[in-house]
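S.K.: Next come the chains, spelled out residue by residue.
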Amino acid sequence: MLTFVCRRLLSTIPVMLFIALFVFSLLYLAPGDPAALIAGDQASQTEIDAIRVTLGLDQPFYIRFVGWLGHALRGDLGVSIFSQLPVTTLIGQRLEPTLSLMLLTVIISVCIAVPMGVLAAANQGRWIDRIVMAVAVFGFSVPVFVVGYLLSWVFAIRLDLLPVQGYTPLAEGFAPFLANLILPAIALSCVYIALIARITRTSMIDVLSQDYIRTARAKGLGQGPVLFIHALKNASVPIVTVIGIGIALLIGGAVVTETVFAIPGVGRLVVDAILRRDYPVIQGVVLLFSVAYVLINLAIDLLYTVLDPRVRY
Amino acid sequence: MTIKSNMIATGDLFPSEPRRGRVATFVRRHPTIVAGGGILFLMVLIAVFAQWIATIDPDKIAPIKRNREPTAEFWFGTDMLGRDLFSRVVYGARVSLLVGFAVAVCATFLGLVTGLAAGAYRRLDMVIMRLMDGLMSVPPILLAIALMAAVGGSVFNVILAISIAEFPRMSRLVRGLVLSIREQAYIDGAIASGSSMPKIIVKHILPNTLGPIMVQATYICSAAMITEAALSFIGAGTPPSIPSWGGIMNEGRMLWQIKPYIILFPAVFLSLTVLAVNLLGDGLRDALDPRAASRI
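Residue numbers (the working numbering), protein chains in the order written: chain G, 1 to 313; chain S, 1001 to 1296.
A portion of the hints provided could be inaccurate.
Under 8 Å between C-beta atoms, here's a sample of chain G residues computed to sit facing chain S [stated by the list, open to error]:
(1) L29
(2) F140
(3) V142
(4) P143
(5) W153
(6) V256
(7) V271
(8) I274
(9) I282
If you're looking for bench data, these hints aren't it; they were derived computationally from the structure.
From a predicted model like this one, the values you see are computed outputs, not experimental measurements.
Beta carbons: idealized from backbone N, C-alpha and C, even for Gly.
Chain G extracted, bound-state conformation:
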C-alpha cells in the first residue's frame, strides 16, 4: 500500500514537468519575438531590449525554464502585462466563483446522474433505460453555452424567477449566492450528468449479473437495498474514475459558462487575458487548472483502495 502511494506520487512528477514545460513554451510558440509581443505595437527598440533583459530572454531556454519553474514552485507566476498585478493575486481574487460553480455542479451532477444510471441499469432494455440513454446523448450533444442561454432565457427572462447573469459572493448570504449560481451549475452539469449516468449504467449492469447479487436477492432483500447497497458499492470504482476524468470537461465548460453568465471567475480571467494577449495570466491559469486536474485524479486513484479493498497494487 505504502509503495503504491509512493509510486503513484512519483509518477505524477514527469506529468507535472510536462505541464510546466508546455505552459512555459506557450510564450515561445507565438510567432515573432516575445519581447516585442509584450511591449506592444508602439514600443521602441530600446524598450523591447529592456523587456528582453527583464524577462531574461537573452539567456538560453533551459536556464529560463529552470528559473521560471523555481519561481512557480514558490508561488510566483509572474506579473500581468495588462494590470501589472501579480498573477497569483489575480487568480486568488477570482477563485471563489469558479470553485463554487464547480462544486455545485459536481453535487448536482452526482445526485442526478448516479440514480439515473442505477435506474437505467435496473430496468435494462425497458423504456426508462431508453429515456436515460436518450437524455445522455442529448447531454453530450448540446454545448454548455447553448444550454446556458436556454435556461437563462426561460427561467430568468421569461419566468423572471432568477437573476439573468452575475455573481453574488457567499459572504453576502446563501440565498442570493445560490440564486445566481444555480442556472450556470445546471447548464454546466448537463454533459457531466450524461457522462456519469452512462458509466453508472454500464458498471451497474456488469455488477448486477454477478452471483452475489443473486445471493442477495435469494436471501430476500428488496430491490432498493440490492441496488443501492450491494450493487452500487461494487460498481463505484469506474463511476468515481469518470467523475475524476470528467473534471477536465468541467474546467473547459467553466471557462465558457462564466462567459455566458458573466461570472467573474478564473475562466473569465483567462478569456479576457486571451483577448489582451496577457501571456503570464494565460500561463498561470493553464498551469493552475492542469495541476489541480492531475492532483484530483491522483487523490481518486488513492481512494480506490478504500472503495474497493480487492484493489491491490
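Following the hints, complete the assembly by docking chain S onto the known chain G.
M.R.: Below, chain S alone, put in the same frame as chain G:
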C-alpha cells in the same frame, strides 16, 4: 437448362428481398445511423451549396436594416451590423463541418501512428505513453485555448490546436487494441513465418483495429465541433471575418436579452449537427460490435 435450374435453386435458398424491404430492415435495425447520417448529409449539402442556398451575401453590412426580427425577407433576422443571419448561419456550417472532419482525420492519423508505434515497439511505448499522459493532463478545451492564444486565430490553427488536444485519447485506444491483438495466434503465425514488424502492423494489426477507430473518430468529430464553437464563442477561435456558429453567438451575446434569435439559430444548427454525429457514432458502435452494444 442447367443454368435455369441453378437460378431456381438459388432463388429458393436465398429469396431475394425486394429493395424496399432491405432498406426498411436497415432503417429498423439501425435507426440512429439513418437519423444521424441523414441530418449530417443535409448539413453537408447546406455547407457545399451555401452560395446557392444563402442568396444574400453573409458579409454585406447594411446599417439601415440592423437588428431586424425574422421576416420573409430575412428568415433568421439580421444582426447588429445588418448582416443577414440566415446567410451567416448557412455559411457557418462550412467552418463547423470542416473543423469537425479535419480534426477527426488529423487526430486519427496522429493517434494511429503513435498508438501503433507504442503498441508494437516496447521501447517506444514508455516514451510515447508518458507524452500522452502529459498531453491528457491538460483539459482539452484549455489546451486548445492556450495553443490558440499563442498562435493566433485562423481556421487552420483551430484544426491544429483541437487535433493536438484530441489525439492522445485515440493514441491510447489504438495502443490498447494493438496490445490485445498482439496476443492472437495469427500474429505469432505471422512472426513465425518471417514477416517484418512494419508488414505485420499494416497487413494484420491495422485492419483489425478499424472498427473501434471509426467509432472513436466520430466522437472526436463531434467534440471538435463543440470545441471550435466554444473557442469562437469566447473569441479565441475562427477569426470574426469568417462566419462560424460560435462566432455568430459571440456577436449576439451583447444583445441576446432583447434579441435572443441571434443566438438561437446558430445554437440550434450547432446542437443538431453535433447530435447527428453522436447518433452516427452510437449507431456505428452498435452495428460494429453488437455484443458490447447490448451492455453499454
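S.K.: Run every hint past the structure and note whether it holds.
M.R.: We went through each hint and held it up to the structure:
1. The beta carbon of L29(G) comes within 4 Å of a beta carbon in chain S, closer than 8 Å, and the hint placing it at the interface holds.
2. Taken as an interface hint, F140(G) checks out: its beta carbon lies about 6 Å from the nearest beta carbon of chain S, inside 8 Å.
3. Restraint check, V142(G) versus chain S: the minimum CB separation of about 5 Å is within 8 Å; hint holds.
4. With a least beta-carbon distance of about 5 Å to chain S, the hint placing P143(G) at the interface is held under the 8 Å criterion.
5. Among the interface hints, the one on W153(G) holds; its C-beta lies about 6 Å from the nearest C-beta in chain S, closer than the 8 Å criterion.
6. At about 5 Å, the closest approach between the beta carbon of V256(G) and any beta carbon in chain S falls short of 8 Å, and the interface hint on this residue holds.
7. Because the smallest distance between the Cβ of V271(G) and any Cβ of chain S comes to about 5 Å, under 8 Å, the interface hint for this residue holds.
8. Hint status for I274(G): holds, given a least beta-carbon distance of 5 Å to chain S, under 8 Å.
9. Interface hint status for I282(G): upheld, as the beta-carbon distance to the closest one in chain S is roughly 5 Å, under 8 Å.
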